[in-house]
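Line by line, the protein sequences give chains H and U.
So in the working numbering, spot 161 of the first sequence is number 161, and the numbers just go up one at a time.
So in the working numbering, spot 229 of the second sequence is number 1229, and the numbers just go up one at a time.
Derived from the structure by calculation, the hints contain no laboratory data.
For each residue, glycine too, the CB sits at the ideal point set by N, CA and C.
Keep in mind that the hints are not guaranteed to be accurate.
[Unchecked claim] Among the chain H residues that face chain U by a calculated CB cut under 8 Å, a handful are:
hint, residue
1, N5
2, F11
3, K12
4, A16
5, E371
6, I374
7, K376
8, A377
9, I378
10, A380
11, D384
12, A462
13, L463
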Amino acid sequence: MNLWNAIVIGFKEIWAHKFRSVLTMLGIILGVSSLVAMSALVKGMENGMKEALVAIGGLEKVEIEAQDVPIHQKHLEDQAVGSTVHDVYALQRSAPLIKLVTPEMRMSFGRGWGGGGSSSLATKGTRAVRERLNLVGTLPSAIEMNQHVLEYGRMFNEVDDENAWNVCVIGAAIRDQLFGSPEETGYDINPVGQTININNQPFRVVGMFQRYESEQEKKLREIERNQPKVAQTGPERRRGWGGGRGQNSWVYGWKNATVYIPLNTMWIKFRSGGAGTNSVPDPRLSTLFVKVADIELLEPALQQAKNVLMHTHKGIEDFSFRTQENWSEGITTAIRNARMSGGFIAAISLLVGGIGIMNIMLASITERIREIGIRKAIGATFSDVFIQILVESIVIAILGGIAGIATSYAVVHLLTVISPTENTPVITLNSLAIAFLFSAFVGVLAGLFPAIKAARLDPIQALRYE
Amino acid sequence: MALVELRNVSKIYHLGGEEIRALDDVSLDIDTGEFISIIGPSGSGKSTLMHILGCLDSPTRGTIQLDGTRIHNASTRELAAIRNQKIGFVFQFFNLLPKLNVLQNVELPMVYSGISGRERRRRAMDALKLVGLENRSKHRPMQLSGGQQQRVAIARALVNSPRIVFADEPTGNLDSNTGEAILTLFRQLSQEGRTIALVTHDPEIAAVTPRRIEIRDGKIAKNVDPKLAGLAASRFTDHASHSRNTTTPPPLG
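Next comes chain H alone, as it looks inside the complex (with noise of 0.2 Å):
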């Protein structure tokens, strides 16, 4: 008997026991749609994650943060300089496995970012920034360092820079407090040519980032406009930090709130005592952020920089490396871990499946004795039999998964109706294959014992058999 008619045999024998059939099939069709429908779910977490990683700047950025010089320097620690702007040109000249250095001049102006007191830091006419506010100081390729795209205007060049003059690109979040958000004017506002105050400044807005937002931030946006807003009771109060978001959606919010000028604006307006009371001039950077050009040559592009480095910092180590590397492994072993776990739930109920054909299969065979016997009494040989009840028990395990494989995108579909705000979950190729020869393995596991029996009947007692 060759492997096409048992494969028309097997389907027969499910036809003719239909209800049967697909309540055994039901346990492989359960284990293979939550199997797929869990790595569609770790998938769309991955993707979020690894989307707020690229957010930020990628694996490649790399901060230069100031650190306390060790303890065999510490008399020197009054000659220590900290990151300056010569830091800059000297990485730019003579580190060439560093793509791009950004240098950061942030101020703190007594209310930090999420200050909401009376007074803020830009204000435009009656409007001002109450929540977070960035200010940063820094060069052209910043828009390049950190992915930032732009939605109007341009970014201010080297000579706004070198003129220091008072220009700035906005995020989205800064335009809407100062001249209103979509949602509340109705249209999109340009702020370019615009004028806004920033510390008592006028600064005239060059260009606006467009809004960053995760793809489940996008869709709680629009899930909002099309409902009609509820009306707050009570007093006015805010939720706190990420309040029903996703983990990494702060990324977002960060970028979304930054106020951009110049380096040599931020320097000379209002750090060397333009506006503060200390006269004395800090050219003190807040960080410096580097770009390896490869990242398969992050720890030579690191020394290359340290070299550089030391030399400029005149041998005081009062700096160090942070990379984004913490984050990455971070990411990847949250999702081994909801992998594994969700892998092993699943695992479980493809087996309780597998549990389920065998049972049938037995008593399938031991309803058809006596078929048994008669095909052995004309000549069908112990791989014949065994055959014969093993494809069975594969066609079941694989027409199961095969509606498995529907199934789950039924199963993943429905989550996104049920919870629109998460991640979205991703069906991808690998977890279907998976799946699939899970499925067809447990079936061969299956079928194996009642195959066995089976092909072991003894062809007189079995034609005995009533």
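Given chain H, work out where chain U should sit, using these hints.
Frame of chain H; chain U shown alone:
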């Protein structure tokens, strides 16, 4: 050389320490083209003899040759192939597969001998013509009468052109008219030169065959052979001796 040669065959079962000799030192020859019956009351060992002759069972002692092949120590796989190619079975309870239609039932032995679908269909239809059921090929066994079902079973037994056909109480489950018709069919097949062995407990049925072997307590009690006795005991003797000259059964169609 005879088609089937049994020499000193014994089959011994052990039931709770007790030794049961289902067959005790049986020697028997069946020639090509013979029409014989094996008779005996139930428990006499005739079924055991048929199982051993039909390669469904192996003897405890003794040797068997079928068509020149020694089968007493063949593997189960070889026995399955011999059953498939050289032996046809007809049973008391027809033993058709209820889920298959008539044509598929007749095709079944050829499925196990690896014959292509078209060839299978052609030969199965020829076999059905032989038993007069070619217009019932699409029916299910349950839609047929007992006699018709037995004819289908006979067609299935013949479809691989076996060297010998064993019929175990083929009329035992039929009324006497239908049974008579089935026996007539066997007689007709025998006249065409096929080797047929009827197994029965009924002397009346056994009377239709020229040669009769009576089994009692696992031994051959009586071997009525017109050839040996020189008797023209049966009206089929002429046909039987005529067909003995042909060494192979005629192919179907």
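For this session: Report holds or violated for the interface hint on H/K12, using the least CB-CB distance to chain U and a cut-off of 8 Å.
Result: 7 Å, holds
Exercise. Close enough to count: is the Cβ of H/I378 nearer than 8 Å to one in chain U?
Worked result: 5 Å, holds
For this session: Double-check H/A377 for me: the hint is only fine if its C-beta lies closer than 8 Å to a C-beta in chain U.
Result: 5 Å, holds
Problem set entry | chain U contact restraint on H/L463 - CB to CB distance below 8 Å | Interface hint status for H/L463: holds (7 Å vs cutoff 8 Å).
Exercise. Do the numbers back the hint for H/A380, that is, is its least Cβ distance to chain U under 8 Å?
Worked result: At about 5 Å, which falls below the 8 Å cut-off, the nearest Cβ of chain U leaves the hint on H/A380 intact, so it holds.
Exercise. Does the CB of H/N5 sit less than 8 Å away from some CB of chain U?
Worked result: Result: holds, 6 Å to nearest chain U Cβ.
Problem set entry | Restraint check, 8 Å cut-off on beta carbons, for H/E371 near chain U | 6 Å, holds
Exercise. Does H/A16 pass the interface hint, meaning its C-beta sits closer than 8 Å to a C-beta of chain U?
Worked result: Interface hint status for H/A16: holds (6 Å vs cutoff 8 Å).
Exercise. Can we keep the H/D384 interface hint, with Cβ of chain U closer than 8 Å?
Worked result: 6 Å, holds
Exercise. Are H/F11 and chain U close enough, Cβ to Cβ, to be under 8 Å, as the hint says?
Worked result: It is violated, given that the least Cβ distance between H/F11 and chain U is near 12 Å, above 8 Å.
Exercise. How about H/I374: closest beta carbon in chain U under 8 Å, or not?
Worked result: Result: holds, 5 Å to nearest chain U Cβ.
Exercise. Does H/K376 pass the interface check with chain U, least Cβ-Cβ distance below 8 Å?
Worked result: 7 Å, holds
In this structure, the hints that do not hold are numbers 2, 12, in rising order.
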